[in-house]
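Read off the chains here:
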Amino acid sequence: MGMTIAEKILAAKSGGKVVRPGDVVTVDVDTVILFDNNFMPNNWRDILKVADPEKIVVTFDHRVPAPTQQAAAAQVTGRAFVKKFGIKRFHDVGHNQGISHQLVADYGYALPGSVLLCSDSHTCSAGVFNCLARGVGGPDIIYAAIKGQTWFRCGETVRYELVGKLPEAVTAKDAFLQIAGVHGAHATMNVEYGGPGVAGLSINARKTITAMSAELSAEFATFEADAALLEWISARNPAPIVPVTADADAKYHARRTVDLSALEPLVALPDSVVNNSLPVAKTAGTRIDQAYIGSCANGTQDDIELAARVVRGKRIASGVRFIVTPASQTVYRDVVASGVVQVLLDAGAMIAPPTCGACGGGHMGVLGPGEVCITSTTRNFKGRMGDPSSQVYMASPATVAASALTGVITDPREFLQ
Amino acid sequence: MSGNVMTFRGRVWIVGDNINTDLILPNKAFYLTHEEQALYVFSANRPGWAEQVQKGDILIGGSNFGMGSSRAAARSLKNLGLACLIAESLNGLFLRNCVNFAFPALECPGVHAAFSEGQIAEVDFEAATVRNAANGKLLSGRPLPAPLMALVQAGGVYQLLEREGLIAPKA
Ligand code: SF4
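Residue numbers (our numbering), protein chains in the order written: chain A, 182 to 598; chain B, 483 to 653.
Just so you know, the hints here were simulated from the structure itself, not pulled from any lab data. The C-beta atom is built at its ideal place from N, Cα and C for all residues, glycine as well. Heads up, some of the hints might be wrong.
Partial pick of chain A residues on the chain B-facing surface, computed with a CB cut under 7 Å [unchecked claim]:
id, residue
1, Gly203
2, Asp204
3, Arg226
4, Asp227
5, Ile228
6, Leu229
7, Lys230
8, Ser300
9, Gly316
10, Pro320
11, Val363
12, Ala368
13, Phe562
14, Lys563
Just a sample of chain B residues kept apart from chain A, beta carbon distances all over 10 Å, derived [said to hold, decoys possible]:
id, residue
15, Leu521
16, Gln534
17, Val535
18, Ala556
Please put together the full structure from these sequences, using the hints given.
Okay, structure coming up:
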């Protein structure tokens with residue numbers, strides 16, 4: 182019997198021939214990403230040896246530029262670590278700065294068939310590159326940096342067959358909210374995305390879906406490779422590429438079809454994105470204090486340009502804070518060059534430096550008591566973006582931008598027909 | 483490995499499904515010491531609870547316990563003095579952190595309905611059994627795979643790496 186993409190990579194990396202759900206395997210790790218939180222004074226343990234400095238990436242992303250002394254101290258520790266082991270792939274605050282998962286895309290750090298770890302739960306984002314990427318714990322990262330290995334428990338796989346083409350003003354975020362809304366959590370399982378609809382999604386759009394898959398509690402999220410993906414990677418990384426395809430007789434927990442052409446803009450209500458989505462019309466009119474575009478899921482050039490199309494030539498509602506946070510300096514430079522930053526600024530947006538920022542409630546847009554935010558970020562747990570009494574609605578960048586214009590949750594199709 | 487004692491007897495606290503990491507270790511507590519962080523467990527959904535927990539108490543959860551982020555939320559449950567966690571099911575990432583920080587966490591379908599808060603549970607972590615001392619009801623959970631059990635008994639990842647001289651002793 183054949184294997185799914187995740188099973189195939191687990192087998193290849195653990196030196197076995199076959200891996201089945203339930204198996205616990207030790208695998209070689211190709212890429213280990215450390216970020217500022219790992220180096221926080223209350224998290225860091227001083228590493229005395231690393232398996233291979235070439236396999237390590239270090240970035241500062243959650244809290245940059247440093248908003249507190251502890252965050253600054255973490256960066257001091259991180260820079261010392263980089264120096265001590267001669268880590269070349271280092272993204273300090275400045276020219277190469279960015280959210281780790283965006284950097285993986287910008288720099289081609291994830292190759293098909295590889296294993297990538299980072300102790301941020303949205304590391305599954307990199308699964309868009311046809312690889313196994315998983316968010317693990319801080320200690321797992323230190324272990325993997327030292328030993329070059331980690332363990333995984335293989336889960337069953339759910340296959341999503343994407344068909345059709347997204348209508349105008351409907352995005353990959355809406356496709357994800359549809360899956361999460363209908364099918365709920367996928368705890369202990371992998372999700373695999375493929376099908377003819379993939380070709381119509383940009384790599385950035387596909388990455389939204391893999392990043393968001395963390396909210397399904399999925400183990401691994403993987404996409405099939407196609408020509409567009411291989412082109413993206415080879416433009417950034419000269420290494421040879423060997424795509425991994427699922428076997429025709431792979432055994433899935435379930436196979437489900439998502440017709441992209443039948444979707445509409447959705448909104449996830451506060452506190453959870455699983456089993457919690459509604460069509461935008463059902464939440465329209467809800468008052469907001471803040472509209473936020475950014476994060477590893479929706480802080481790309483595509484996302485920011487889409488928001489700019491919505492607000493072009495208009496002003497955002499008074500009393501609303503509209504914060505746009507490019508996911509990396511590369512993205513930032515691209516949206517400045519394409520002119521959309523000017524459009525956003527003219528509309529009244531604030532452009533924040535690339536960081537996780539308010540996505541994790543860290544800084545740059547944290548919510549106060551009772552405030553309401555509509556966000557394109559990844560997670561809307563109670564208190565995620567600030568005070569426990571604040572409320573976080575989640576939607577596509579188009580819906581967030583449309584809501585910023587009116588001051589209430591708004592269907593983006595009003596502005597994008 | 484001589485191992486730590488892996489049987490527990492304690493008073494149970496019960497929470498529901500989909501308890502997330504941000505409820506266990508909220509952002510607000512991010513910069514605090516580990517001991518201070520422990521007092522923020524469930525401060526958003528069950529204010530005042532952390533103060534009531536006594537050393538050796540046992541937490542019972544529903545399905546997908548610990549969903550969410552990779553933060554060291556398991557460490558806070560351990561530092562709060564809880565002896566162990568038993569849940570209908572454990573989030574995969576959260577389980578990693580339980581193993582990493584040597585906090586015994588057991589998946590045991592049926593456990594949520596089998597107890598009411600304040601009852602005494604008797605847990606044999608290696609055998610993966612849970613007994614309700616009030617009515618004698620015995621439940622069987624899913625034993626942790628052997629390599630992971632060994633890691634818990636070794637005291638978690640940091641103790642292991644410290645013993646092997648791969649990380650510096652804690653300052
Ligand atoms: S943007 Fe949000 S979800 Fe993404 S890595 Fe940062 S904190 Fe995590």
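Hint check:
no. : hint   : result
1   : Gly203 : violated (9 Å)
2   : Asp204 : violated (9 Å)
3   : Arg226 : holds (5 Å)
4   : Asp227 : holds (4 Å)
5   : Ile228 : holds (6 Å)
6   : Leu229 : holds (6 Å)
7   : Lys230 : holds (6 Å)
8   : Ser300 : holds (5 Å)
9   : Gly316 : holds (5 Å)
10  : Pro320 : holds (4 Å)
11  : Val363 : violated (17 Å)
12  : Ala368 : holds (5 Å)
13  : Phe562 : holds (4 Å)
14  : Lys563 : holds (6 Å)
15  : Leu521 : holds (14 Å)
16  : Gln534 : holds (19 Å)
17  : Val535 : holds (20 Å)
18  : Ala556 : violated (8 Å)
Consistency with the previously given hints fails for numbers 1, 2, 11 and 18, ordered from lowest to highest.
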